[in-house]
Amino acid sequence: DQQVKQNSPSLSVQEGRISILNCDYTNSMFDYFLWYKKYPAEGPTFLISISSIKDKNEDGRFTVFLNKSAKHLSLHIVPSQPGDSAVYFCAASARGSNYKLTFGKGTLLTVNP
Amino acid sequence: EAGVAQSPRYKIIEKRQSVAFWCNPISGHATLYWYQQILGQGPKLLIQFQNNGVVDDSQLPKDRFSAERLKGVDSTLKIQPAKLEDSAVYLCASSVGDPETQYFGPGTRLLVL
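If you read the sequences in order, they're chains W and C.
Taking our numbering, I'd label the letters of the first sequence as residues 112 to 224.
Taking our numbering, I'd label the letters of the second sequence as residues 424 to 536.
So that you can see chain W by itself, here it is in the shape it has in the complex (with noise of 0.2 Å):
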């Protein structure tokens, strides 16, 4: 059961351009949101998060969007660069789980010079 999902396993975009990953989730008891970045070979980095209280958090060229009624978030990177190739997973928490995340499959993002 993929409680958090993101259906595109891979995206390419030229450099410049933005840059948006999405991803959904089953789970209405999910209230906090989290994008990771990862590199080949080294464990996921942490991007930005986004609270369901909240349906916009913004940090440089990254910004999450969630839409809690259609239960899908998005990360937009804008102007994409080619040091933002990599994976990027959704993870997905709720209230009272002690912060435990679960997370997507993953988007390979792949940004072209």
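Source of the hints: derived by calculation from the structure; they are not laboratory data.
One thing to keep in mind: the hints can contain errors.
[As the list claims (entries may be wrong)] Calculated cross-link-like contacts (lysine-lysine; reagent style DSBU-like; alpha-carbon spacing at most 30 Å):
| no. | chain 1 | residue 1 | chain 2 | residue 2 |
| --- | --- | --- | --- | --- |
| 1 | W | Lys216 | C | Lys494 |
| 2 | C | Lys467 | W | Lys182 |
| 3 | C | Lys467 | W | Lys179 |
| 4 | W | Lys182 | W | Lys165 |
| 5 | C | Lys438 | W | Lys216 |
| 6 | W | Lys216 | C | Lys501 |
[As the list claims (entries may be wrong)] Not everything, but these chain W residues come out facing chain C in the computed CB check (under 8 Å):
| no. | residue |
| --- | --- |
| 7 | Phe176 |
| 8 | Arg206 |
| 9 | Gly217 |
[As the list claims (entries may be wrong)] Which chain C residues face chain W? A few, computed with CB under 10 Å, are given here:
| no. | residue |
| --- | --- |
| 10 | Val427 |
| 11 | Ser430 |
| 12 | Phe527 |
For each residue, glycine too, the CB sits at the ideal point set by N, CA and C.
With the hints as your guide, set chain C onto chain W.
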């Protein structure tokens, strides 16, 4: 600040053998996690420690997997006996409590033949 250390980085064993992984978290981090990441999947939490006590081990296959965190610092994860389906990257992470400070180590890549 030193990151999360894991060893070994790679391990190849035959099925039915035993194997152990070691993790040294970031100094001062009370919470330690072990994740299993199978190829093409997102990380899945196996066990979570708070200091040296287990907070969540609901997804740990306890018939073959065991973990301990001595003195609330280093941790070991053991598999005995290993199965082919245990081939994965085993990630250790630590945090001060909230998911945004969950720092991952580089992982141990296990191949069971």
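Results for each hint:
| no. | hint | verdict |
| --- | --- | --- |
| 1 | Lys216(W) x Lys494(C) | violated, 34 Å |
| 2 | Lys467(C) x Lys182(W) | holds, 21 Å |
| 3 | Lys467(C) x Lys179(W) | holds, 24 Å |
| 4 | Lys182(W) x Lys165(W) | holds, 13 Å |
| 5 | Lys438(C) x Lys216(W) | holds, 26 Å |
| 6 | Lys216(W) x Lys501(C) | holds, 25 Å |
| 7 | Phe176 | violated, 18 Å |
| 8 | Arg206 | violated, 12 Å |
| 9 | Gly217 | holds, 6 Å |
| 10 | Val427 | holds, 7 Å |
| 11 | Ser430 | violated, 14 Å |
| 12 | Phe527 | holds, 3 Å |
Checked against the numbered hints listed earlier, the structure breaks hints 1, 7, 8, 11; every other hint is satisfied.
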